[in-house]
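Student: Use the sequences and the hints to build the structure in full.
Protein chains: 2
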Amino acid sequence: MIPTITAFANSPDRGKGQARDMRVRWALEEVGQPYDVRLVSFAEMKQPAHLALHPFGQIPTYEDGDLALFESGAIVLHLAERHAGLLPDDANARSRAIAWMFAALSTLERPIVELGMAMLFERDRSWYAERLPMLRDRVRTRLGELSRRLGGADWLDGGFSAGDLMMVTVLRRLHTSGLLDEYPDLAAYVVRGESRPAFRRAFDAQLAVFTAASRS
Amino acid sequence: MIPTITAFANSPDRGKGQARDMRVRWALEEVGQPYDVRLVSFAEMKQPAHLALHPFGQIPTYEDGDLALFESGAIVLHLAERHAGLLPDDANARSRAIAWMFAALSTLERPIVELGMAMLFERDRSWYAERLPMLRDRVRTRLGELSRRLGGADWLDGGFSAGDLMMVTVLRRLHTSGLLDEYPDLAAYVVRGESRPAFRRAFDAQLAVFTAASRS
Chain A
1 MIPTITAFAN
11 SPDRGKGQAR
21 DMRVRWALEE
31 VGQPYDVRLV
41 SFAEMKQPAH
51 LALHPFGQIP
61 TYEDGDLALF
71 ESGAIVLHLA
81 ERHAGLLPDD
91 ANARSRAIAW
101 MFAALSTLER
111 PIVELGMAML
121 FERDRSWYAE
131 RLPMLRDRVR
141 TRLGELSRRL
151 GGADWLDGGF
161 SAGDLMMVTV
171 LRRLHTSGLL
181 DEYPDLAAYV
191 VRGESRPAFR
201 RAFDAQLAVF
211 TAASRS
Chain B
1 MIPTITAFAN
11 SPDRGKGQAR
21 DMRVRWALEE
31 VGQPYDVRLV
41 SFAEMKQPAH
51 LALHPFGQIP
61 TYEDGDLALF
71 ESGAIVLHLA
81 ERHAGLLPDD
91 ANARSRAIAW
101 MFAALSTLER
111 PIVELGMAML
121 FERDRSWYAE
131 RLPMLRDRVR
141 TRLGELSRRL
151 GGADWLDGGF
161 SAGDLMMVTV
171 LRRLHTSGLL
181 DEYPDLAAYV
191 VRGESRPAFR
201 RAFDAQLAVF
211 TAASRS
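These protein sequence lines map, in sequence, to chains A and B.
If you're matching positions, the first sequence starts at 1 in full-length UniProt numbering and goes up one per residue.
If you're matching positions, the second sequence starts at 1 in full-length UniProt numbering and goes up one per residue.
To be clear, the hints were calculated from the coordinates, so they are not data collected in a lab.
Incorrect hints may appear among the rest.
Identical chains blur together in the list; that is why a pair holds if it fits in one copy or across any two.
Here are the computed lysine to aspartate or glutamate pairs in the DMTMM-like style, where the Cα-Cα straight-line distance is at most 20 Å [unchecked claim]:
no. : residue 1 : residue 2
1   : 46        : 122
2   : 46        : 124
3   : 16        : 181
4   : 16        : 204
Tutor: Structure below.
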């Protein structure tokens with residue numbers, strides 16, 4: 001049985017791999033699990049058939065036999081628990097890797113998405129120019145703390161884990177902000193993740209959707 | 001060995017149980033695991049000793065023998081995996097309960113915290129009155145979707161789980177906004193969570209820290 005994930009039929013990032021299916025594709029590639037993709041339009045995402053899979057009408061979802069899951073973090077963790085390669089064997093190290101997954105989503109992604117939302121939706125509002133530096137400083141605070149903890153290591157806690165996978169995909173959302181360039185060690189950390197063969201395969205697969213859509 | 005968690009020495013919510021140690025206390029009470037609490041001041045949270053436990057200088061942390069964890073979601077999941085009572089036995093139901101934990105933190109808490117941050121830190125800014133309705137509408141979108149999925153059930157997916165525990169604590173952060181009153185089923189869901197004996201014990205324990213601090 002090959003699991004099926006959903007992804008944007010027309011990704012708003014035009015194939016830069018910043019949509020959340022990228023995390024799930026990358027995890028599937030890391031563990032060597034083949035998968036099918038069902039593309040959904042923005043209209044379809046808010047229809048009953050998709051809402052039955054994802055209560056908040058988003059992507060990605062994950063279907064495998066009787067199981068339907070939503071939330072990229074939950075899907076990646078589900079895969080990591082059932083295949084070798086994304087979580088360490090040692091029980092304590094495993095719990096710490098999962099803590100980094102939550103940190104990526106709760107502590108880093110929150111200010112990064114807030115900045116991204118402002119750049120997307122509030123650029124023409126009267127307050128944008130005054131508010132932007134505050135949002136950028138909030139992200140800088142977290143990046144500084146993350147950089148200090150990374151401390152020159154290759155990965156957050158020992159070998160590459162699902163925690164790094166989530167963190168790299170969250171940090172990649174900063175590319176248009178220029179903020180990552182202020183932290184060369186974090187920029188190198190992201191490149192390290194992007195250089196993994198599984199990342200490349202996942203990236204190429206999501207890009208192929210966009211280039212195919214552009215041609216049609 | 002009794003685990004030790006950290007909590008605010010002077011919680012900014014004045015004992016309303018909205019700080020993130022509440023989630024961990026509640027989970028510990030649900031599974032019947034005694035624990036110790038170490039209170040930390042805001043200054044101590046940014047010192048090296050605490051940063052070694054929590055890279056982002058926050059609470060709660062969790063220490064149990066050789067293991068040190070941070071991120072409330074990771075700590076609750078760690079407890080739920082090692083004790084009965086917070087995750088179903090069925091493998092698929094277990095993965096779905098974990099998906100609700102991620103949904104609470106990634107999809108609900110993000111707009112709720114964004115609204116809360118604005119109410120706390122941007123109330124005297126020129127844009128506050130104009131921006132507030134937008135933030136409240138973002139929260140309403142998620143509450144409407146959550147209400148539709150709950151569909152009159154007691155809990156999000158079968159029996160009470162760690163997913164409900166996280167969701168109830170996230171929704172409790174809306175109390176001062178008045179938004180929960182617009183969704184009577186969600187308000188009742190929160191009350192259902194707050195009525196659990198384990199919640200009451202956890203709430204009383206965190207309140208006792210504040211009332212003790214007020215007297216000193």
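Student: All the hints need checking, so say for each whether the structure fits it.
Tutor: Against the structure, the hints come out as follows:
Within a single copy, residue 46 and residue 122 get their C-alpha atoms no closer than 24 Å, and across copies no closer than 33 Å, so neither meets the 20 Å cut-off. Taking the closest pair of Cα atoms, residue 46 and residue 124 never come within 20 Å of each other, the shortest separation being 27 Å inside a single copy and 37 Å across copies. When the C-alpha separation of residue 16 and residue 181 is checked against a cutoff of 20 Å, the pair qualifies only within one copy, where the shortest distance is 18 Å, while the shortest distance between copies is 40 Å. For the homomeric pair residue 16 and residue 204, the shortest alpha-carbon distance inside one copy (10 Å) is at most 20 Å, but the shortest distance between copies (49 Å) is not.
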